[in-house]
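Q: Which chain is which? The protein sequence lines are A and B, in order.
Just so we're aligned: the first sequence equals residues 1 to 324 in this note's numbering.
Just so we're aligned: the second sequence equals residues 325 to 779 in this note's numbering.
In case anyone wonders, no lab produced these hints; they're calculated from the structure.
From a predicted model like this one, the values you see are computed outputs, not experimental measurements.
C-beta atoms are modelled at their ideal positions from N, C-alpha and C, and glycine is treated no differently.
Hints may be right or wrong, so weigh each one.
List of simulated lysine-lysine pairs, DSBU-like, C-alpha gap at most 30 Å [stated by the list, open to error]:
#, chain 1, residue 1, chain 2, residue 2
1, B, 501, B, 365
2, B, 662, B, 673
3, A, 62, A, 87
4, A, 172, B, 543
5, B, 543, B, 450
6, A, 172, B, 439
One side only, chain B facing chain A, incomplete, derived with CB under 10 Å [to be verified]:
#, residue
7, 457
8, 592
9, 594
10, 599
11, 616
12, 617
13, 716
14, 718
15, 728
16, 743
17, 760
18, 761
19, 767
Here are the chains, one letter per residue:
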Amino acid sequence: MFAYILRRLIYAIPILIGVNLITFMLFFMVNSPDDMARVQLGAKQITPQMIQAWKEHRGYDKPLFINHNEEGISMLTETLFVTESLKLFSFDFGISDSNRNIGSDIQERMGPSLAIALPTFMIALITNISLALILVLFRGSVLDSTMMILAVMIMSISGLFYIIAGQVLFSKMWHWVPISGYESGWNGISFILLPVMIGVFSGIGSGVRWYRSIFLEQINQDYVRTARAKGLSELRVLFVHVLRNGMLPILTGVVVVIPTLFMGSLIMESFFGIPGLGSYTIDAISSQDFAIVKAMVFLGSMLYIVGLILTDISYTLFDPRVKL
Amino acid sequence: MMFSLLWTDILVWGLLSVLLFFGWGASRSEQIKKQWHAIFKSSIAMASAIILFFYLFFTLLDSVHVRFAMEPTKTKSEQVQYSEIVSLLDLIFAHNIQSTERTYSAPFATHEYTKSIIVDEHGVTKQEYLPLKHISKKAHSLQKSFIAVMIGLAISIMFILVHIFWRSGKGFKNEFKLIMQGNTKLPWRTAYGMIIFLIILCTWFYMLSFDYHVLGTDKVGGDVLYQSLKSIRTGVLIGILTTLIMLPVAILLGVSAGLFGGWVDDVIQYLYTTLSSIPGVLLIAAGVLSMQVMIGNNPTWFETTLERSDLRLLFLILILGITSWTGLCRLLRAETLKISQMEFVTAAKAFGVGRLTIIRRHIIPNLMHIILISVVLDFSGLVLAEAVLSYVGVGVDPTMHSWGNMINQARLEMARDPMVWWSLFSAFVFMFILVLAANLLSDRVQTVLDPRNKS
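Chain B on its own, in the form it takes in the complex (with noise of 0.2 Å):
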């Protein structure tokens, strides 16, 4: 077994860990501490923080990419042979990447969802429902699903114990008690009740995965469920990974121009009032149509697909990056501008204060409730955006999973009668669900840190 590293891998635990250390160094700043405890206050961001805390936690299974040495072959080769690269939602899932069936079946059936056409011993042709081939045909399902709730309540209620005693300690009763009231400081009650639902949601559509295909099948037989899941990667890397790469140079652009002034200023304005002039889907439409052809002159620099799929996701991060980082810039370039007028920075400067410093200290302090906001807000749009963009045709590599895709080859199937639906709306639903988490979380993190909400 070899572990391979993608270029989004590196960005995604690279920007885990910056995201950790940024964590660490915050929380030992009481005002820091105050306010997001002022936003989690709330019972709805805390429950939207969890869920996506979940999307976040299925991203980074789906961040671990192995590849396994095959049997050595009979060509006496050097080289160790290793199979397709694979990650650990793949290793988690594999019962069903491997029965795919033959077409379209519904969620739970048991045959499939068109009749084919057979002819039975006697020579007569008719036309008939075949039987699924994965499918265990002896399921107690509802014994197994009782089964899966009582793991799922085990393994939850488990979690939890072990987080209340780690923040209470040997008050441990005493907590206990007050949870159940309701009476803590953070909705604690809520934040619990979530996660026993989701663990046990996820323990059951598990369990039932072995049996059946619990979303159903699409075009080709593959199981909706499990492209539903490798979805959540690429969605959640689009709305985080676009605004963190884009985020230095909004900062630094927007700063700066509010800040020297001048031809600096001048400059900066023209170069954001051009790009955000151009409409947004042409330019990424013209980004990724010329990468697209780019890739297609290289065909050698990849050697599997899933890497080219994963440079391609990484140039439309790229490429969406470039269109979005000019709003935040005039923001953060308005805000500076205020800001250094402000008689502290001015008290700095009398103190010979350098002009670094000032902007460490004073400055990019004062800006964070923006760029917060912004990164919070910017993620929902994003993540709708690519579901957009795969329709057009500029989103994500064909062969990558996402929702924008599934809805894609969904949508041609709607002329039929009765109507295969499970597809489309296992995508909308998952994107339904992270997307409002988001805004949910965003709308009280804009209302905590804005000042103009103060009065």
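Next up, chain A with everything else stripped away, as it sits in the complex (with noise of 0.2 Å):
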């Protein structure tokens, strides 16, 4: 088990240096630190000297693959590409364009992101769940075919439109919530409320569906049929034996996206106005902001591979068969 971590968190080196690659070719094979310097420093005459003062204060002043004024190996370590990825390896993000350490602003924001993301993935997997196994249970009924329905209809609308609804009508109609914010602790609750809902309810169109999906392959299988002439209820069938063998390919997809919910919801946290890491993502971008840009992307990656690693795991832990 341990060496098998161990293997794969060495197989994620190149994928992370892969990526790390990527990033640095679109940040700054695309614009040149020059380009970036110019735009940054937005005067209208700019100096050789003062884009040159720019990149040193920044540490953007080597070359970016290759530097010819070294000799031997330090030709490629004395580089742009290497400084940088260093520095994200060992999670020096630097600082933001606004003077900001990013590492610090990155710990701050990440625990109301947090507040939001957790219970709408817990609460949603709970409702999900429940509700493809009661539609399992009752399939081939009207039941079944109009939730059906309602699924494709939840799924076809718009997530914006849930969120600007919601703020509609429990804000400003109703006020029962209110309408952004955020507090930490149990005095928060108000906030984090219609957010999680919305999170909930938006996703439910899909979710039912691909659980509901994962159940029905089960239920014709063979053990399915033992169980039920064995004089099983439907029900210990279905909650007990379907509900246990459909945990693998749930966990597929439910685990890989646990460590991801460090990174928050962009487009809910900027709604309702929750300082977590994807209200900060959307400032930064639309300040264009390079280098927080630079650390999501890092950090959403390699919260994505441990989520693989994860998935692994719990396919040891919930599945007998399976052995590392």
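Since each chain sits alone in its own frame, please combine them into the complex, following the hints.
A: As structure tokens, then:
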């Protein structure tokens, strides 16, 4: 087990280097540091000295991939690509355009992001699975077909609509919850309520359909017939046998998402004014702060890879047949 | 008058001709014909396809761009001056483009939405709802609606009669009876009903758009109906072109990874694992941001804003394509791996059939259902993604008409009381109908084509 995890972690390194290379190319080759300096300085007359000073301040004053001024191995190491990558790998995300430390910003904002994303994830998981099981129980009935049509309709409406409609109804017209804002601790629960509800509801269509198809695939298996032949009740067959066997495909789709919950939801957080990582990213995108976007790309891909490893580990926990 | 081709126009028409060519090729194969018959046997699928066809029709109308020669100016320049680039849709709705109001007005309103301060002839200032400028005061809307419905009915019935005649030839009367009974192989009754409904809706909206702002006006007084119709092209283009641009890459890499194995497989697997591990929105954002800076640094590339926004749309489609090929590629690799172990491939190899022929004759046809399913499945997701991306600020150009931009602008007006709802509402409804139709059709395609559903 331990050897397997170690092997997977080592395998993750080339992928992270690849991610890094892609983001580096996007950020530094399409726009050279000189271009960035010009955009950032924004003054009318920009002298080469000013650009040089800006690049030195940022540490962007080295060549991109090959340094012809150096000898031997440092021809490759004394370059922008290597120094920037090493910084990212040691979680040193540098400073943003507004001169704040990105690393500590990220630590600060993870909490609010999780406060929204974790409850949404948990509640959505439970409601979707239970709804899907109910539909499978009544499969082929009028309830099943109407709910499936409803699910397609829920899926077809833009997520932005749910947010806007929710804000108008619950905050503006009925004044049940504040329209936006955030507070940590138990006092903040009224701020969290609406985004979580909307998050759960907007995913219900595709979620229920997905779980239902998984359970329906199981229901035609031989073990289900055996269980029924033993005289087990339909409820017991569904909730014990089918649910457990459906766990494996569910895990594949679900566990991967868990680490990325840290990243928060871009849209939700910016609509509800929650100071999490999602709104952080949106602000960075709209103010064209490349350093932050780069940090978030790196963090996001790392969390995704962690999710993949967790998925494999969860297999061994839930399926005794799988041995790593 | 001069036709002018934007980049996306070239792609749209090129794509259409390729699709028609393939459709012509496929129509000669009995098996494929049977599959399509099976898909359209469901009346929901038929109705969805007709809705999608209408959206496509508006896209095509909006993809023919022309420029008109301007009046010769006093300066004796040799060059003929051309006006702005306009599309056929712009020409049809020319009256709506010219008739901009001052600010918001509700659908079918005769007066502005907000009171303005005016000074009357006695020098007294008061607040009043000003009448809209481009509303015909004496419009007999009921009478006009009736005429519109009649015209719509006439046009649609004409189309339908031509179609029935073309299909049945001499047995026209008999065929007509069968259709009315709903006794045909394909659900033509539903199809014709849908066509009549949609054409009547279009004519009604169009006739009334001369007298009213049918769906209201936005902040700067632009007509919302016109904007929603213009947005169709953006949405459909993003939905279709993205998948079709990434399709060759996904097929090429997926098939070669599955078939050749070894280091080719390793490299391709590494490539798509890396790409798919970057969060999609962030990769798109990073790409679009870089592109923005690039365009900002080279303002001389474009003659008009339309060309700039068009190229931006193309870039967006490319970036979306880069982020979305990985899923399909993984599926195709797995399927190719499975197929290449099968007896008929081994047999073909034993007969000495070349590799390329094996791919063309044995592997690609067996992958077609996966490809088709993923094209229709991705479509609705991409249309919805456009709105979100425009909201984030990495979508299409802000000057371009799109549902995302409409929502984004209208969102700021939510705080007003009573609410300005029509802009949001129109964008959501237009988007909802398109996505719903696509989802319903893709469901049907999946149930018919997916071999796992045979049981």
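Q: Determine for every hint whether it applies to the structure shown.
A: Taking the hints in turn, this is what the structure says about them:
no.: 1; hint: 501/B - 365/B; result: 19 Å, holds
no.: 2; hint: 662/B - 673/B; result: 16 Å, holds
no.: 3; hint: 62/A - 87/A; result: 15 Å, holds
no.: 4; hint: 172/A - 543/B; result: 21 Å, holds
no.: 5; hint: 543/B - 450/B; result: 23 Å, holds
no.: 6; hint: 172/A - 439/B; result: 23 Å, holds
no.: 7; hint: 457; result: 30 Å, violated
no.: 8; hint: 592; result: 13 Å, violated
no.: 9; hint: 594; result: 7 Å, holds
no.: 10; hint: 599; result: 7 Å, holds
no.: 11; hint: 616; result: 7 Å, holds
no.: 12; hint: 617; result: 5 Å, holds
no.: 13; hint: 716; result: 6 Å, holds
no.: 14; hint: 718; result: 6 Å, holds
no.: 15; hint: 728; result: 8 Å, holds
no.: 16; hint: 743; result: 7 Å, holds
no.: 17; hint: 760; result: 4 Å, holds
no.: 18; hint: 761; result: 9 Å, holds
no.: 19; hint: 767; result: 7 Å, holds
Hints 7, 8, counting from the list given before, are not met by this structure.
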